[in-house]
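Chains as they are written, first to last, in full-length UniProt numbering: chain A, 1 to 543; chain B, 1 to 543.
Do not take every clue at face value.
Where chains are identical, the list cannot tell them apart; a pair therefore holds if satisfied intra-copy or between any two copies.
The calculated EDC-like cross-link candidates involving lysine to aspartate or glutamate, where the alpha carbons are at most 16 angstroms apart (straight line), are [as the list claims (entries may be wrong)]: (1) K76 x D450; (2) K141 x E465; (3) K205 x D195; (4) K282 x D537; (5) K92 x D70; (6) K74 x D450; (7) K354 x D384; (8) K110 x E403; (9) K253 x D65; (10) K141 x D65; (11) K76 x E339; (12) K76 x D346; (13) K282 x D318; (14) K425 x E392; (15) K74 x E339; (16) K338 x D153; (17) K184 x D153; (18) K205 x D357; (19) K141 x D280; (20) K184 x E478; (21) K74 x E465.
To be clear, the hints were calculated from the coordinates, so they are not data collected in a lab.
None of these values were measured; they are calculated from a predicted model.
What follows is each chain in one-letter form.
Protein chains: 2
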Amino acid sequence: MSTNESQTQTPPSEEAGVTKNPSKKELAKLERQRRRQEAAAAAASSISAVSLEDAADPLAANYGDVALVDMQSKPKTGRVWTQVSNLNGGLKDQVVLIRGRAHTIRAVGKKMAFLVVREAGFTVQCVVTVAPDLVSPQMVKYANGLSRESVIDVEGVVSVPDVAIKGATQQVEIQVRKLHCVSKAVPTLPINIEDAARSEVEIEKALQAGEQLVRVNQDTRLNYRVLDLRTPANQGIFRVQYQVENIFRKFLKRQGFIGIHSPKIIPGSSEGGAAVFRLDYKGTPACLAQSPQLYKQMAISGGFNRVFEVGAVYRAEDSNTHRHLCEFIGLDVEMEIKEHYSEVMDIVGSLFVKMFDHLNENCRNELQAIGRQYPFEPLKYLRDTLRLTFEEGVQMLKEAGVEIDPFGDLNTESERRLGQLVLEKYNTEFYILHRYPLAVRPFYTMPCFDNPAYSNSFDVFIRGEEIISGAQRIHIPEILAQRAEECGINVQTISSYIDSFRYGIPPHGGFGVGLERVVMLFCALNNIRKSSLFPRDPQRLNP
Amino acid sequence: MSTNESQTQTPPSEEAGVTKNPSKKELAKLERQRRRQEAAAAAASSISAVSLEDAADPLAANYGDVALVDMQSKPKTGRVWTQVSNLNGGLKDQVVLIRGRAHTIRAVGKKMAFLVVREAGFTVQCVVTVAPDLVSPQMVKYANGLSRESVIDVEGVVSVPDVAIKGATQQVEIQVRKLHCVSKAVPTLPINIEDAARSEVEIEKALQAGEQLVRVNQDTRLNYRVLDLRTPANQGIFRVQYQVENIFRKFLKRQGFIGIHSPKIIPGSSEGGAAVFRLDYKGTPACLAQSPQLYKQMAISGGFNRVFEVGAVYRAEDSNTHRHLCEFIGLDVEMEIKEHYSEVMDIVGSLFVKMFDHLNENCRNELQAIGRQYPFEPLKYLRDTLRLTFEEGVQMLKEAGVEIDPFGDLNTESERRLGQLVLEKYNTEFYILHRYPLAVRPFYTMPCFDNPAYSNSFDVFIRGEEIISGAQRIHIPEILAQRAEECGINVQTISSYIDSFRYGIPPHGGFGVGLERVVMLFCALNNIRKSSLFPRDPQRLNP
């Protein structure tokens with residue numbers, strides 16, 4: 001099987017990007033590639049280019065829109081594409097072929113055009129200049145007529161300018177020989193990438209200088225999400241999100257956890273409460289799971305000592321806030337515990353310190369790209385995650401003049417305030433608050449051994465916002481059923497859950513965290529919709 | 001932060017299991033552990049053991065049911081648990097503490113009991129014998145009175161018997177000193193693990209010998225899934241499933257893909273067709289996505305060159321077959337292609353060969369455990385995945401006397417037959433059939449350049465069953481809209497999808513595969529419900 005393409009087309013990743021300074025061997029390989037390209041180009045009558053005008057142009061085959069038939073998987077030509085990210089001075093004087101989006105187009109008279117081509121966040125400047133037997137005036141006109149964001153194939157010779165190139169990530173230019181459009185964007189885009197990529201700081205600065213720059217609001221961004229996603233910040237955000245999930249999986253695998261998948265269509269409601277999406281399941285009333293809680297515990301009963309799940313979570317709440325979504329990705333963990341819920345907090349602490357370290361070390365470019373549009377300070381966290389009891393938290397607030405119900409929950413405001421106090425006192429923006437009042441926790445939470453008004457539970461905070469909830473669970477079926485009833489849950493609807501505790505189950509605990517919230521708070525984004533690819537909130541079901 | 005527990009309790013995994021022959025250093029550590037245990041035991045008034053009878057037994061503290069208060073996260077005792085999988089001759093004469101399920105209990109008179117304790121699929125024999133000042137007759141009685149599947153803590157001295165131990169995975173015994181029950185199973189379980197773990201072969205054999213053994217049918221298994229999951233075969237199946245997902249992710253990461261998450265609540269229906277689950281989304285009609293198809297393509301438009309998604313897929317079809325589920329996990333891939341849909345087939349071929357290799361090499365124990373209950377032959381596959389065109393497939397069937405519509409789809413029977421023919425001719429049970437008739441593919445499939453009756457699409461088969469569908473997509477919005485209409489889809493409902501092609505999108509393609517089907521077919525299981533943790537089919541919404 002030929003893996004030629006898949007090897008040469010590998011986009012930038014942790015593994016790629018090592019060819020910045022090609023060795024002699026690599027240069028020889030590139031030379032072979034170039035020869036193949038030339039051979040292919042000689043046989044390139046298979047590219048039926050359609051010139052915009054003047055079919056009499058003897059150089060018409062060098063530019064134009066690619067016909068559909070030439071994009072329908074004809075026999076392969078053997079042409080080899082180079083990634084924009086891999087373009088560098090080592091390729092000087094060589095012919096390369098790239099595919100990317102027309103990021104910007106700038107005409108210089110009728111004889112020259114500058115195209116910046118963007119691929120996967122990387123950009124390169126391409127120069128189209130009239131040259132005898134190579135580039136016709138018609139070709140320059142064609143280049144200048146391209147619409148931004150159109151996908152184009154550019155073939156040309158790599159050159160290294162004497163001065164630094166502004167407005168492109170790669171420090172080489174391409175002297176264009178061939179230019180073909182693979183996919184035309186509409187001439188007037190609903191939002192310009194340039195506008196969508198602009199920071200608030202830039203807009204304010206311009207305003208002070210008397211210039212009004214376009215500000216793309218969050219709703220417009222989401223309406224045209226595929227355009228919005230092309231900004232460097234968004235390219236960064238979703239690569240960071242992917243890494244958050246990767247570290248979560250890798251860390252837990254090393255700790256002996258296995259990944260499971262539990263059903264999201266369930267009978268009854270997953271944890272009680274009214275805010276569920278209901279549906280008809282073949283004549284039976286059903287709803288979408290508010291969490292994998294019951295199922296991950298059943299997996300523990302099923303003999304899997306340590307499990308995790310990455311899956312969709314549904315909340316029908318009418319929460320129109322910066323931090324709530326109706327559909328999000330839950331990162332859930334459940335594990336046997338031997339003696340103490342601190343065993344779960346140990347996992348939480350180590351996991352997140354590992355994650356933060358990894359992001360800071362391995363996602364520098366992504367974090368910088370995000371920071372350029374949405375400036376943020378790196379998260380402050382300790383090597384050993386700080387743990388405070390809820391009582392201690394209440395006391396700290398009290399000493400700061402904030403009185404709260406010692407057996408109620410923290411509201412958003414008191415969470416923020418406590419976050420500030422903790423930051424001042426302990427110099428960390430990531431900490432665990434545990435031993436919550438039992439009354440504010442779900443029915444399956446284990447009460448404390450020494451005071452039933454408290455529970456073996458915890459929340460975790462990043463930058464003053466709650467992000468993780470966890471606890472030891474009640475594993476005695478009689479007590480579980482009793483607590484469910486006390487919390488107003490119809491025990492009938494969760495009978496197979498409670499029954500699963502009658503067949504022997506070890507003491508256990510776990511936690512859950514929203515993937516989008518981790519990214520939002522790590523990068524101090526002001527809206528969770530920024531870290532959801534296609535967000536769902538009470539007002540939005542599109543796209 | 002103390003990570004004491006999380007380090008010593010790591011369950012068996014690829015990384016664990018290295019302490020089979022402890023070094024001197026490790027032995028010294030174990031000795032220190034033992035001393036700590038003794039110290040803890042001396043202070044063990046914290047374990048409020050409740051004897052079954054005769055509180056006057058001076059050894060009553062050595063056994064009994066653990067009181068709730070002692071499982072509510074009291075201050076830690078410092079006791080250290082050993083995993084059953086780590087028990088071996090190197091621990092001879094040392095005191096160990098284990099937690100597991102009472103797998104079997106066998107009384108030998110009133111002075112002795114044999115307990116087999118199971119943890120994460122590993123088992124060890126524990127012997128309770130009356131001994132002065134150590135084990136009372138009441139303790140033996142307590143042991144014999146335990147119900148199977150109860151979770152127990154066993155402390156005792158490791159011994160190495162002269163003869164091989166049958167009925168346990170570990171070749172050591174524990175001479176029990178302390179025995180406490182953490183979670184009691186009901187005395188009569190709805191299904192016995194022993195029965196659930198029995199192979200069809202064993203049942204038939206016994207029947208021929210005149211003995212009727214219990215056969216647990218699939219429905220009963222699913223009704224009591226948490227018990228059924230405890231069988232060695234099921235422990236294997238879900239560990240294999242986890243590995244399938246891991247290899248999928250790892251391979252694609254290396255190839256420069258990034259993982260995304262798309263919404264499952266969507267407006268309209270994802271690919272047309274009536275069989276969707278409908279729900280009310282805050283007053284707007286919505287449904288559950290039948291695939292992430294449209295969203296993964298929109299991610300390509302959004303500038304992510306190569307994406308994959310692991311997520312739930314919903315099909316409301318009334319398919320009561322061995323291979324259909326109403327909710328399953330889709331492994332989806334979408335990627336830019338330069339010239340040819342074979343670039344996608346390259347990824348499919350390499351990915352699955354890598355996956356099969358990995359499973360065969362690294363999941364031997366799991367595959368053996370599955371095979372003991374559900375015997376199967378290892379999958380036959382080639383290093384370079386075989387590719388046949390649909391026309392070639394039709395021809396092979398024709399030569400074998402099976403006439404099918406050359407522009408229709410294969411039915412289950414002809415798929416099976418073709419699988420046999422391919423196996424005979426090419427010695428592989430894994431192959432790709434491509435260039436399907438356009439009429440049997442979804443609207444977004446790119447027609448062939450040379451014959452619009454065919455399409456740039458493929459299916460992949462394992463053991464004669466279709467498992468993967470893939471294709472090049474139409475990336476020209478006008479043609480896409482036209483094809484959608486021709487296929488009877490209301491273009492209005494997918495307008496944001498079609499619009500996303502108006503902003504420039506490279507030619508692209510991808511494929512989708514069901515996680516449960518990969519596991520089912522790799523292990524030749526006869527029912528997809530066996531490879532779904534809590535399956536959903538037209539008849540089943542529970543547990």
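Here is how each hint holds up against the structure:
| no. | hint | result |
| --- | --- | --- |
| 1 | K76 x D450 | between (73 angstroms within a copy, 14 angstroms between copies) |
| 2 | K141 x E465 | neither (54 angstroms within a copy, 54 angstroms between copies) |
| 3 | K205 x D195 | within (15 angstroms within a copy, 75 angstroms between copies) |
| 4 | K282 x D537 | between (27 angstroms within a copy, 10 angstroms between copies) |
| 5 | K92 x D70 | neither (30 angstroms within a copy, 73 angstroms between copies) |
| 6 | K74 x D450 | between (74 angstroms within a copy, 8 angstroms between copies) |
| 7 | K354 x D384 | within (11 angstroms within a copy, 39 angstroms between copies) |
| 8 | K110 x E403 | neither (72 angstroms within a copy, 63 angstroms between copies) |
| 9 | K253 x D65 | neither (49 angstroms within a copy, 33 angstroms between copies) |
| 10 | K141 x D65 | within (13 angstroms within a copy, 87 angstroms between copies) |
| 11 | K76 x E339 | between (63 angstroms within a copy, 6 angstroms between copies) |
| 12 | K76 x D346 | between (54 angstroms within a copy, 14 angstroms between copies) |
| 13 | K282 x D318 | between (27 angstroms within a copy, 9 angstroms between copies) |
| 14 | K425 x E392 | within (13 angstroms within a copy, 74 angstroms between copies) |
| 15 | K74 x E339 | between (65 angstroms within a copy, 7 angstroms between copies) |
| 16 | K338 x D153 | between (61 angstroms within a copy, 10 angstroms between copies) |
| 17 | K184 x D153 | within (12 angstroms within a copy, 69 angstroms between copies) |
| 18 | K205 x D357 | neither (34 angstroms within a copy, 58 angstroms between copies) |
| 19 | K141 x D280 | neither (59 angstroms within a copy, 52 angstroms between copies) |
| 20 | K184 x E478 | between (65 angstroms within a copy, 12 angstroms between copies) |
| 21 | K74 x E465 | neither (54 angstroms within a copy, 29 angstroms between copies) |
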